[in-house]
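**Q** Residue-level listing of the chains:
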Amino acid sequence: METLWLVVLGTLTVGYFALAGFDYGTGLLLPFRRKDEALQRMTPFFLGNEVWLVAAIGVLFAAFPRLEGELLSGAHSVFTLVLAGLVLFMAAVQLRLWWWLAFTGALMVSVGWGLFLAHLLEAPWPVAFVMPALFAVHGWVFQNRRWTLFPLTALLCALPIPLAFSSIDVTGLMAHSDTLGLLAWVAIPIIPLVVLLQWSIVAISSR
Amino acid sequence: MSAVDLARLQFALTTSFHFLFVLLTLGLVTLLVIMQTRFTVTGAPVHERMTRFWGRIYVINYALGIVTGIVMEFQFGLNWSGLATYAGDVFGAPLALETLIAFFLESTFLGLWIFGWGKLNRWVHLALLYLTALTAYASAFWIMAANGFLQHPVGYRVEGNVLRLDDFSALLSNPTFNSALMHVIFASITVGGVFLTGVSAYHFIKRTPEVDFFRRSLRMGVITTALATPSLIGAGFAQFPIIAKFQPDKSEAAPWIGAPLGFMILIGMTLTLVSWLTLPLLIKDAVVRLRFPLYLMVIGIPLPFLAAIFGWMFREIGRQPWLVYGLLRTEEAVSHVDASQILLSLIVFTSLFVLLACVDWALIARAVRRGPDVAPAPVSPLVVTL
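So the sequence lines, in the order shown, correspond to chains A and B. In this text, residue positions in the first sequence follow our numbering: the first is 1, and each later residue adds one. In this text, residue positions in the second sequence follow our numbering: the first is 1001, and each later residue adds one.
Hints are not guaranteed to be accurate.
[What the hints assert, rightly or not] Some, not all, of what chain A presents toward chain B, calculated at C-beta under 10 Å:
| no. | residue |
| --- | --- |
| 1 | M1 |
| 2 | L4 |
| 3 | L53 |
| 4 | G58 |
| 5 | A62 |
| 6 | F64 |
| 7 | T80 |
| 8 | A91 |
| 9 | L159 |
| 10 | I161 |
| 11 | S166 |
If you're looking for bench data, these hints aren't it; they were derived computationally from the structure. Beta carbons are placed, not taken as given, at the ideal position from N, Cα and C, and that holds for glycine.
The following block holds chain A by itself, in its conformation from the complex (with noise of 0.2 Å):
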């Protein structure tokens, strides 16, 4: 059961993070192109990654709810950071009226993210500058169809931090097996449902 739940919740983390790269990387590289066909290309996918980030907190609130608390409050102002880029970037991409807020948004969220890592592995804050590294590279594949090189660096966005997440000893944090058993039943058919269902949607965008 503590395994079931340790694959369910790195699996939304990894969505979350590979997702992620289209619309922050795209954000990141806004400056360097032409605003609206990035924007245009990255539609489909917009609000795509957030969904798996909200899946991922409220997995780890009731199956970690011991660890859930103490990591969030415990890097209480780099989530600040991240929560208001995510703002930001998202009021800014629907507004389609200031790129560079688009940006700053990306930006504060990909830096945030990269602190969260710093924090997880209590490196250096330089480390931070690893994850708006990453997204970069992964906007810029996703931008210039580089569909060889597209897997490649999905997964670099999203393993650091679900790897980061591993130095953690769960031992005592989860909830009893009776909460866990009960939601097994829902996660595990879902998380395939919403993989398909999201494929469609970039399918029938596509055509």
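Knowing the structure of chain A, use the given hints to seat chain B on it.
**A** Okay, now just chain B, sitting in the frame of chain A:
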């Protein structure tokens, strides 16, 4: 202010902003279901145009509402880590079910609905809207189940110094959950009705050439409000005996707590009365020719939103000093972080949310002013396809 006061203020502000988006989302999706069903069955273009116009507003509101929801969700861990530590096994279950069954699926169905417009079989496309609406209601269901647990904890056992899930079905038959859920659902439908009425009235004030389009929308709005408000009030009053039984000192939680409750009831009664008085005026468009009711309809748009905030103030402040009623005090649940960190996030999020509410308002106003079917420039990337 202490960390606990700041965290409470932040929670109140975040939830209030979030709930404004939620109300309109739930209300509009319900009415969209009716519009698109009529289009799919009859094939009449006016119903398609209605689905498109109101759907565009719905999508704008949904996309920005998500953002407030994300902050909402993180806030439990950021500011209230004591809640997860103590009650996460029980309270977390409906919360996780909401994110997985409801929100995760809802957004994905909605995405397919948006991008599938004109590309999918129209019955399949309609089914996607039904699924979006269904999962939106499921979202309200699980969130209210979680909130019901905070008001009146059931289905748990104490093990050491944490709560464990003992009987999940007790969470779902919790008396503080069921009637409150119905109250919230009818409040959302009322918001949808009042919103449709107000926006249509605005177009009549501007002497719109789209008379048929907005006549239908206005009628739908007034009838929806008239049908939803009696149930809304019924589900509201049904909660008083439950409160008397489980939270007898709710009205004494703060000396002024009766005021928001009173205002909410007043708004509810007014909307019921006015919508029923308007019903006969729908005959031969008397309400449009009289003109002055149109202005009242526009002014009325914020009322159900205000009432909902007042209602939540009563429900949530009335639970104090408890976070989980009778089990966990609010000050025991606050995270061990510096008050200055909470203050920083309070300032950052409040200003961003004010901005977000303005953006939502501006984008919706732009879509409203533009009127049906003439959309040379998209109002948001997500509605390009609509």
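**Q** Take the hints in turn and mark each one as holding or not.
**A** Do the hints match the structure? See the list:
1. M1: violated (14 Å)
2. L4: violated (14 Å)
3. L53: Holds: closest Cβ of chain B sits about 7 Å from L53 (chain A), inside 10 Å.
4. G58: holds (3 Å)
5. A62: This interface hint holds because 3 Å falls under the 10 Å limit.
6. F64: holds (8 Å)
7. T80: OK, holds: T80 (chain A) within 10 Å of chain B, min 4 Å.
8. A91: holds (5 Å)
9. L159: Violated - the Cβ of L159 (chain A) stays beyond 10 Å from chain B, reaching only about 22 Å at its closest.
10. I161: violated (15 Å)
11. S166: violated (20 Å)
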